[in-house]
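Put chains C, Z, V, S and G on the given structure of chain B with help from the hints.
6 protein chains.
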Amino acid sequence: MMSETQPLPDAAPICRYPTPTPTTLDGLPADVRQRILEVQEKAGFVPNVFLALARRPEEFRAFLAYHDALLLRESGLSKGEKEMIIVATSGVNRCLYCVVAHGAILRVYEKAPLLADQIAVNHRKADITPRQQAMLDFALKVCLRADEVGEADYTALHAQGFDNEDIWDITSITALFGLSNRLANAISLRPNPEFYLLGRLPRAPKA
Amino acid sequence: MMSETQPLPDAAPICRYPTPTPTTLDGLPADVRQRILEVQEKAGFVPNVFLALARRPEEFRAFLAYHDALLLRESGLSKGEKEMIIVATSGVNRCLYCVVAHGAILRVYEKAPLLADQIAVNHRKADITPRQQAMLDFALKVCLRADEVGEADYTALHAQGFDNEDIWDITSITALFGLSNRLANAISLRPNPEFYLLGRLPRAPKA
Amino acid sequence: MMSETQPLPDAAPICRYPTPTPTTLDGLPADVRQRILEVQEKAGFVPNVFLALARRPEEFRAFLAYHDALLLRESGLSKGEKEMIIVATSGVNRCLYCVVAHGAILRVYEKAPLLADQIAVNHRKADITPRQQAMLDFALKVCLRADEVGEADYTALHAQGFDNEDIWDITSITALFGLSNRLANAISLRPNPEFYLLGRLPRAPKA
Amino acid sequence: MMSETQPLPDAAPICRYPTPTPTTLDGLPADVRQRILEVQEKAGFVPNVFLALARRPEEFRAFLAYHDALLLRESGLSKGEKEMIIVATSGVNRCLYCVVAHGAILRVYEKAPLLADQIAVNHRKADITPRQQAMLDFALKVCLRADEVGEADYTALHAQGFDNEDIWDITSITALFGLSNRLANAISLRPNPEFYLLGRLPRAPKA
Amino acid sequence: MMSETQPLPDAAPICRYPTPTPTTLDGLPADVRQRILEVQEKAGFVPNVFLALARRPEEFRAFLAYHDALLLRESGLSKGEKEMIIVATSGVNRCLYCVVAHGAILRVYEKAPLLADQIAVNHRKADITPRQQAMLDFALKVCLRADEVGEADYTALHAQGFDNEDIWDITSITALFGLSNRLANAISLRPNPEFYLLGRLPRAPKA
Amino acid sequence: MMSETQPLPDAAPICRYPTPTPTTLDGLPADVRQRILEVQEKAGFVPNVFLALARRPEEFRAFLAYHDALLLRESGLSKGEKEMIIVATSGVNRCLYCVVAHGAILRVYEKAPLLADQIAVNHRKADITPRQQAMLDFALKVCLRADEVGEADYTALHAQGFDNEDIWDITSITALFGLSNRLANAISLRPNPEFYLLGRLPRAPKA
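Protein chains in written order, with the numbering used here: chain B, 73 to 279; chain C, 73 to 279; chain Z, 73 to 279; chain V, 73 to 279; chain S, 73 to 279; chain G, 73 to 279.
Looking at chain B on its own, in the form it has when it is part of the complex (with noise of 0.2 Å):
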């Protein structure tokens, strides 16, 4: 991690709101606690959502039911594709928070260090297929236009090879990163700083 290398910029909180602080989870209920530390042990450091939505341990584990009922399903969409859905419509959406910690998620998945900043700015110049091109297509169409959606939308994706799961999965990740875009920028939620580099470097390799 890059946590020696990488100081947090200044001793700003992460949001508007009071929230748990990583050392002292304490308070928290402990199934919450618990998801907390499994990420931090997995990531090296807790993603500062975790700590802003513990404020409210219902609103806590609701939201993470829905985003793991979404991207850890089985489904026509790869990982790394649930994140450019993310990284596209969080763009659009001006979200700082999501664009920087699931443009790192995207880059680690996808072992493609250009390609969240490409979605990020604008998917129509990155580097991918046609494909993903037209479910990114859609994405933006439930992000930004959501009552225009019809027929046509199907017919395009499934000229694409998308069948009609895949389409609500794009609309719900859509849909619910459009929930979390909202809630971030609202409350000012700040990325952790570690989110910036992660993914860009070439791993280096294992002794």
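Everything labelled a hint here was simulated from the structure, so no lab data went into it. Errors might be hidden in some of the hints.
Copies of the same chain are indistinguishable here, so a pair counts whether it falls within one copy or spans any two.
As the list claims (entries may be wrong) - DMTMM-like cross-link-like pairs, simulated, lysine to aspartate or glutamate; straight-line CA separation at most 25 Å:
1. Lys213 <-> Glu223
2. Lys213 <-> Asp225
3. Lys114 <-> Glu223
4. Lys151 <-> Asp235
What you are looking at is a predicted structure, and each value in this text was computed from that prediction instead of being measured.
Same frame as chain B, now just chains C, Z, V, S and G:
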């Protein structure tokens, strides 16, 4: 209920996806089935969103957990005010299901048969208090331009007596129903016919 | 009529401007007064737009002359279809008066208690024919982006069986109610409470 | 008039619809014909909008009655100011007919050969008074976002000396020409060539 | 020139910034002064943009070098077509200086006194060829939504006979005048009065 | 430089147009070639925009002359602040090339590895001063709504200590990169892979 007098306009499916029918809930997990039976007993019919989400029990549970966490929570917002937020934001998102279903709930909660139409069309013309106007102004900003939310928005709400927990509630309710607006629009979820008339008539005097 | 059961929510004035009251129409020119009495006899109440326009008799006469020329005219559009146009465009213009008042008229004409809400919120989700969908697509384009209307729009409507006189009708109805939407919004014209429920209930069988 | 020096660029029809020609007005009702002859005598030519509307005499009469009620009315707005409203709103509605025809009238009324182009392109850069700037700011809000008009807008206009009747005038002129902008754009109504140059040249001194 | 008959409307400064006056160019670098004198000799007056840019000689030289590179270049676009692009995009950018100044140049080049007003207000209604319509459609897309330009846009232009160098020209002219539109609007640059009438009158026959 | 570890993702051309390759600059005019060699020596690679513009040497020279005039100029804005403007406006213009290339330069100038991502996604959430926030607010207004810039904008910037020359700089930098954003998007200019990582890592201590 209106079911005798208000027949289904046609045998149109409730959305683009196959769903369990209210009369054959047997294939569903017990908790999902139980929750559907409860709402049916309370409302007199099964709101279509329950059937659509029941296709995917994990998402059903997560959505309802989030819903309950926000809507059943003790809050500086009344239950009616929470529904105002849903109706106003679903109006600008042009989501038929949520405008009609939550419009009905709003009418019932507030015992105000005209209020839902006012708020769905243009909240500035609704018979609500200045505090509620400010609440809906903020909700629409979170809905449409969350990236621009900042200090001045918090200050304006504080001036109306909302505290930061109330603001979290307004934000999160807006965000959660932005999720369901996008899903409902993309799958063309139809409101149950019963919702359209609910709360519009004075209650018959008890015998 | 609903007046017994649906009391005026408050004694709020019907708009920002002083208007004649239905019970004291005496100061008005005879033709204006006559027209108001006719609509009162037919509807059971005086729609507020008549009182607001009566402040300026010449504008009252001109608006109603335009209204009658378009809405009473024999046309390839049915009376219900003309009201669909008014409801759909008033919905995107967020005009409470016209959505509620013409929504009522649409329900009555089409004997379709759910239709007005569907069209006001999102016509793409309404129970209407493909020909009516095309009609409303065009009406919304005239409403929002008339500068982009061109040959292709005429061709699309011809393909649905509309001729050029029908297209003139769609255009002009959209344009006339764009006028009244702007006026009603700017003066905060309130719909009569009676409109909200009109056409939502099955008619009682005649004795 | 410019007709000798400014030939019609081509024999293009004046709009998408067949119209009476200025030289053969015989089929028209007497009052419509009379009105057209009057304007022809005054202007030296028949403005194309008269011919287009004459296809439907009732709409012709209604439009002109509304037009006269607003534009000939004694008002806190000068005749030139009324034309400023028409030019500014027709500019943002991108209506060629109204920008060119009413631009000409504005130049003539105000004896200001540059003013119409300034207002049509960007009223903020026009040589007008702060009071007129406020008037046009409000007109553009009614034109583009009438649903957001509220108390603060009235207050701002009162501060510039406008009373509520003036505000009704600004609103209604904006709304009426929003009607004609939509119709003219949808039928591709061409401005008469004569309008383009009218009021741009100093008048020849009288002999 | 019109200067005798078209006096400056007032002694308003030409923009928000102090500029050299046409009669006292002495403080300017020799090349800048020379360029200004050349355009004055050709046009009969000094276009205000030259004086505004002369405040900063390096930017003056760079802008004019870019301008000359694109506008004097041999191209698949005629000189008049290049001016059409400038007028159409300056119209949607609402830049008074560029609409008026380049509208004048367009009228002169094309000997078409009505064309500039048509293109500035709504190019879809202008008397131009389908090829020129396609050119302006593309220019407006580059102006307003360049991030969405893609393969289909190139194909549409190729179908009208434009090659890739022509497309580069359309793009770059749009982009360069997008620059000057922004600068002119931000500094409130006034068009010279002479431009408004230029090219509107038939040339006097030579003696 | 990263070139050993960060291979080009594929042999994709750098844009839609054929360009000189960095290794064969021979056909280029001497000054263009010289400028390219200089930047290559300084950066360690040739930024692709140099190769794309070199197709047209006159435009290459003009763009770089404008660039240098604004970016090398002594100013009330620091070099880092000038890059902030470029990154923020390129973000809203969704220009991949400029966000990535100037994001790198901003990181290097400010020695702030997180800053470019913050500003590109949502400058309101960036770790910058209130003065810099005001600067970027104005830059985005020039970028998106220059026609609405007026006195109040100048006043707000003066209150933050900017003088009129600084405002000219903000405006002109915004305008110039609006030009390059449009060109880069229309020709699909790819950022060099080297830019993505530049300035993200702490510098190795000197031996």
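query = Are the CA atoms of Lys151 and Asp235 at most 25 Å apart within a copy, between copies, both, or neither?
reply = within (17 Å within a copy, 39 Å between copies)
query = When no copy is named, should Lys213 and Glu223 be tagged within, between, both, or neither for a Cα gap of at most 25 Å?
reply = both (13 Å within a copy, 20 Å between copies)
message = As a check of your reading, is Lys114 near Glu223 (CA-CA no more than 25 Å) within one copy, between copies, both or neither?
response = neither (42 Å within a copy, 35 Å between copies)
task = Could you place Lys213 and Asp225 in one of the four classes (within, between, both, neither) given a Cα distance threshold of 25 Å?
result = Both, since 9 Å and 20 Å are each at most 25 Å.
The structure is inconsistent with hint 3 alone, although it conforms to all the rest.
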